[in-house]
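Chemist: What follows is each chain in one-letter form.
Protein chains: 2
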Amino acid sequence: MRDFSNDHSALALNTATLGHNVEGHGAGWSPEQVIDACAEMGLGGIVFWRREIGNRAPQIGEHARKAGLKVAGLCRTPFVVGPLAPQPRQAMLDDFEASIDMAVGLGADVLTIVVGGVEPGTKGLRESLGRVAETVARMATVAASRHVRLALEPLHPVYGGDRSCLVTLKDANDLCDLIGHPAVGIAVDVYHVWWDTTLPQELKRAGKDRLLGYHLCDWLADTLDVLLDRGMMGDGVADLKAIRQAVEAAGYRGLCEVEIFSAQDWWKRPPREVLLTCIERFRTVC
Amino acid sequence: MRDFSNDHSALALNTATLGHNVEGHGAGWSPEQVIDACAEMGLGGIVFWRREIGNRAPQIGEHARKAGLKVAGLCRTPFVVGPLAPQPRQAMLDDFEASIDMAVGLGADVLTIVVGGVEPGTKGLRESLGRVAETVARMATVAASRHVRLALEPLHPVYGGDRSCLVTLKDANDLCDLIGHPAVGIAVDVYHVWWDTTLPQELKRAGKDRLLGYHLCDWLADTLDVLLDRGMMGDGVADLKAIRQAVEAAGYRGLCEVEIFSAQDWWKRPPREVLLTCIERFRTVC
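Chain order of the listed sequences is Z and Y. Each residue of the first sequence is one higher than the last, beginning at 1252 in our numbering. Each residue of the second sequence is one higher than the last, beginning at 1252 in our numbering.
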């Protein structure tokens, strides 16, 4: 397992941690301000959300690279299925392609997919997962031609109804097997998978080639809001060391991306305090 | 699969469905009023919560049996581990034994265990599950001597932090294997497991002897509160027919217990309307 106790060059910031992907939250820093602060503090990478980028993807990507940061990813495609997916289907496909374009513009080689919930009119996950497979297989060809990889992110089962019919790493592996395209992999976020005792075996099954991202935060024992009350690493009950050990045992050596949605706590603090805390926790408890 | 389209004698009411286990909710009917209404409407069984019973367990159990209802279970033991477990440990063990006494008094042959969350000072589920195994093994001997069986209920992973370090049927099967006592089995609640694509195989693994209860409600796609916003069967995204098919393929032939926590909807309706709706939905969508 890599030793991070005196080195946080493998730490990446997902800008959600500063509230920047939700209207009305965070300090309102521009992407450039965030990039400069991360670079100054010695982080290794950054991950943006589409709403922050507008039509400035090439400039922002360039600014990050000049500052010494890897643009490690872009959040995210539209929901592919479920009650929150864009309608009609062509609009969803167009938006999916636009998200690939933006990743290309930024120079991000990974685009995250949050697949969306249960298709209206159906029951259970199976049918929705089948439709996800169809769409992702189709878009994988587009992504591959532009040198972008697609990372399926299983979300916590609490989101199974509306946001993600993909709720376990096992199902993500099954979906990857079904799609069978080298441009499609998986992003693993401790918030979504910390409770899963099959994690080590499913990480091993995913392996180095399929693991495209590893996301950090913590699950607070007394979570007040499943969307916007994530914990800072060390403040919750996830066994972060054990999970990273399993992730690395599976071959992952990439950046570790801190992604904390925290409307009532971390998003109200000064960004520099948040970043310094992330660094300290990354070195000590992750 | 059993045909319930013209027969709801396999339907049991968990009194939580009428708000009766939470202070300030529901119509305030006495246990006897609930029993009489269920019997009049042709239900086959009833499951109580300890707070409704006080020191009247034998009378209430007798009333139910005279009315033709099976007392199918009692909710529940104290939390065994985690931040909400009674302290010190002896107080938890005493309360566990008191819950067995009450089940005996009621004539209920199944007592549900909600195991509690992650032990303070530990990370992840493993250590807490180990402590659960120790305590349940110890109490199984007491329960068996009094002809009560203990039903481990895996809760949805959203409760993993504070209410239940047992979050999947697989982990419940593993726990039963570890404990290895015939008085210990499992209760399966669709709210907690609907998202789990390994359900059919884990139900088969559990088998007839281990399956001590099957609970009905639904997962609303846009769940507002993970504790008190459960849906009526048919109003959500769980594939209730497929789940029951798998439950019965595993050999289960017992009662189906409707358990709906719904502070803003069903708990505000007249109990008779709620019961009639349960019956109609049981016959059509379960």
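Keep in mind the hints are simulated off the structure, nothing from the lab. Keep in mind that the hints are not guaranteed to be accurate.
You can't tell identical chains apart in this list, so a pair holds if it fits in one copy or across any two.
[Unchecked claim] Calculated pairs, BS3-like style, for lysine-lysine (alpha carbon to alpha carbon, straight line, at most 25 Å):
#1 LYS1492 with LYS1455
#2 LYS1317 with LYS1421
#3 LYS1317 with LYS1492
#4 LYS1421 with LYS1455
#5 LYS1459 with LYS1317
#6 LYS1317 with LYS1455
#7 LYS1321 with LYS1421
#8 LYS1455 with LYS1519
#9 LYS1519 with LYS1492
#10 LYS1459 with LYS1519
#11 LYS1459 with LYS1492
#12 LYS1519 with LYS1421
#13 LYS1317 with LYS1519
Given the structure is predicted, the values throughout are model-derived calculations rather than measurements.
Chemist: Each hint should be assessed against the structure and marked as holding or not.
Modeler: Hint check:
For a Cα distance limit of 25 Å, the shortest separation of LYS1492 from LYS1455 inside one copy, 16 Å, qualifies, whereas the shortest one across copies, 34 Å, does not. When the C-alpha separation of LYS1317 and LYS1421 is checked against a cutoff of 25 Å, the pair qualifies neither within a copy, at 38 Å, nor between copies, at 49 Å. Taking CA atoms no more than 25 Å apart as the test, LYS1317 paired with LYS1492 passes in neither setting, with 32 Å inside one copy and 57 Å between copies. Taking the shortest alpha-carbon separations for LYS1421 and LYS1455, both the intra-copy value of 11 Å and the inter-copy value of 19 Å come in at or below 25 Å.
In this assembly of identical chains, LYS1459 and LYS1317 lie within 25 Å of each other by CA distance neither inside one copy nor across copies; the values are 28 Å within and 64 Å between. Within a single copy, LYS1317 and LYS1455 get their C-alpha atoms no closer than 35 Å, and across copies no closer than 57 Å, so neither meets the 25 Å cut-off. For the identical chains of this complex, LYS1321 and LYS1421 are neighbours neither inside a copy (29 Å) nor across copies (40 Å), given an alpha-carbon limit of 25 Å. Taking the closest pair of Cα atoms, LYS1455 and LYS1519 never come within 25 Å of each other, the shortest separation being 38 Å inside a single copy and 49 Å across copies.
Proximity of LYS1519 to LYS1492 under the C-alpha cut-off of 25 Å is found in neither arrangement, the shortest distances being 27 Å within a copy and 46 Å between copies. Proximity of LYS1459 and LYS1519 under a CA criterion of 25 Å is satisfied in neither setting, with 37 Å inside one chain copy and 52 Å between copies. Proximity of LYS1459 to LYS1492 under the C-alpha cut-off of 25 Å is restricted to the intra-copy arrangement: shortest distance 19 Å within a copy versus 39 Å between copies. For the identical chains of this complex, LYS1519 and LYS1421 are neighbours neither inside a copy (36 Å) nor across copies (40 Å), given an alpha-carbon limit of 25 Å.
For the identical chains of this complex, LYS1317 and LYS1519 are neighbours neither inside a copy (29 Å) nor across copies (60 Å), given an alpha-carbon limit of 25 Å.
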